[in-house]
Amino acid sequence: MALVEARNLSKNYIAGEITVKAIRGVDFTIEPGAFVSFVGPSGSGKSTLLNMIGCLDPPTEGSLTVAGQDVTRLSSKQSAKFRGDHIGFIFQDFNLIPVLTVFENIEYPLQMVQNWPPAKRKKRVQELLEAVGMGDQGNKFPSQISGGQKQRIAVARALVTNAKLVLADEPTANLDRKTANRIISLMKAMRDEFGTTFIFSTHDPRVVDNAEIIFNLEDGLLQPQDGYKGGNHA
Amino acid sequence: MLNISKLAFRNLLRYKRRTLLTSALITLGVVAVLLFISVSGSFKSMMIGQITDSMLGHLQIHRKGYLASMDSLPLDRNLKGKQIANIKEMLEKNGAVEAFSMRIKLGAMFSNFKETTNIRLNAVNPEQEIQTVPMLTDRIIKGKKEGLLNKGEILVPELIAKGMKVKINDTVVLVATNKDGSVNGQPFVVRGILEGISGPGGRDGLIHIQDAKTLLRISDNEVSEVAIRLRDMKSLDLVFTQLKNELGPIKNKMDKPVFEVHTWQKLSPFFNIARMIDLMTLFIKIMLVAIVLVSIMNVMIMAVYERINEIGTISAIGTPPGKILSLFVVEGFLLGVVGTFIGVIVSLAGIFAMNFFKISFDFGRQKGLLLSPTIGTSDILAIVVIVIAIAVLASLQPAWKASKMDPITALRHV
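Protein chains in written order, with my numbering: chain H, -12 to 221; chain L, 27 to 440.
These are computed hints drawn from the structure, not numbers from a lab. It should be emphasised that the depicted structure is a prediction, and the values quoted were computed from it without experimental measurement. C-beta: ideal position from N, C-alpha, C; glycine also. A few of these clues could be false.
Unchecked claim - Quick list of simulated restraints, FRET-style, between CB atoms: (1) 435(L) to 14(H): 24 to 34 Å; (2) 43(L) to 14(H): 47 to 57 Å; (3) 179(H) to 40(L): 32 to 42 Å; (4) 332(L) to 104(H): 57 to 67 Å; (5) 210(H) to 43(L): 46 to 56 Å; (6) 43(L) to -6(H): 48 to 58 Å; (7) 68(H) to 320(L): 32 to 42 Å; (8) 32(L) to 8(H): 55 to 65 Å.
Please work from the sequences and hints to get the whole structure.
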């Protein structure tokens, strides 16, 4: 069964008297364990599509199924619960909580969203810290670590809840080449280890080169391209 | 909840200066209110105590119409034998009544054989009077205090003693007109000088009730008023109602009520001052509420604005809106708790210091009244509850806004 399935998915925004068609009736399917990249120039609709898959933004038209659940008409409370249960997020600016330590940042979704018991929580966080190669950095605060390390922590936080799907919006945009490659390798390794599906939005060729499935977006429409390895186009 | 509190606490520490300033403002407000309540409360209870315990008693019973013409000290409106017996029986039966004193109030001419002046007098049974107004002896600033006074003796009010140059053991003459118009005079030995206090009867002299009867040629049992002392001031309203209900139905031949009962509040103008103090306390509390409301709301609005991106992150991760709301409400709550806690400690220290340094003040002609501020646990609790409740209330709007924030918009915020 597909992890993400979109049919005739559209998203319109109203800006004053103008309706902006950000996504124009796209169809695609993403299988579990895939390493997918949505590629396209700025304004092509990558982030909008990711936001819809991440249940942050409801579609205007069409249907969208994530992890077997129709997420088209979820209330904000249901969306929050669904995200907490199934989806992990990695942000361009890392978005770690500055008042929490590295350990606590990873622990946050388990503690505040999924209410895991403390002992189980601590074991899982330590596991993830080790997995991202920061087992001895747990007590540091985000301000005390580098950008690459912050993004590793963000990866660990996205994976800590055993999310089926991780969405990463421009995850390497604020990293140097070497660090970006490390992060991509880390995410791939995590995919291999945990079987998590990774979906990126990017125009960074380093990420695109590493993607196994590429969806090219232009003006809200999916375009066929070389190296495209699956999914349906509108 | 502990996790939310921990996160809220760390967020408060994140902006140390702002947290410190807001807490200091709340502390200042709490200190101002608690000190005002303790000082004004102490002043109020001291004055009420002085008025009731050295002069009026807690309640008074008169013959109907006496109070309206009290200024002229009418002798034809005195309570008579059977009426007095009724009152006596009623008061002796009432368990809330500790003591009562029968008084004759009269006006007379006071002469030191050189000069003459007017004097208002309370004629009392010394034993009854001491039991009913136990602080009366404290007002004797010169002369013997024990036993108050004997027959043939007079306690002269301070101002008259000074004006007429009267000293202890001097002989003076009182001349009074009785209700039939006949004039009589009688010599008295000055037993003591009585300090004047504010309020009705505060500058009256004192003689023995038997002397008043002789002077006024009253042969029957007759009194102008009955002053009553209660075991507990808190039962004032209850006893007042009881007495009113018991005495009210007693009518004269013309079917008019015979008695009137009054609490000290009706008899003393200080009651209005006490009410004004209560009103001022209320306004001070309202000011405190405004301080807490404005300062916390301001801080929490800023906190939400500065952390929009963070709110977007935790919301995207799946934090339920209720937890985001709680996070900001707990921040406001903690600000209120910290400010209140420090405020209460500082206030208690302030009250202790005021008692330690024995601050005195003057009120009217009364000099060197010692201020002994105290604060009740209920007052402290009330302020603590008010401040914390307002802190939570003030955080609600910004917290609600944070919890309802669209995660995409919040994540885009720079």
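Now the hints, each set against the structure:
no., hint, result
1, 435(L) to 14(H): 24 to 34 Å, "28 Å, holds"
2, 43(L) to 14(H): 47 to 57 Å, "55 Å, holds"
3, 179(H) to 40(L): 32 to 42 Å, "38 Å, holds"
4, 332(L) to 104(H): 57 to 67 Å, "33 Å, violated"
5, 210(H) to 43(L): 46 to 56 Å, "53 Å, holds"
6, 43(L) to -6(H): 48 to 58 Å, "54 Å, holds"
7, 68(H) to 320(L): 32 to 42 Å, "36 Å, holds"
8, 32(L) to 8(H): 55 to 65 Å, "45 Å, violated"
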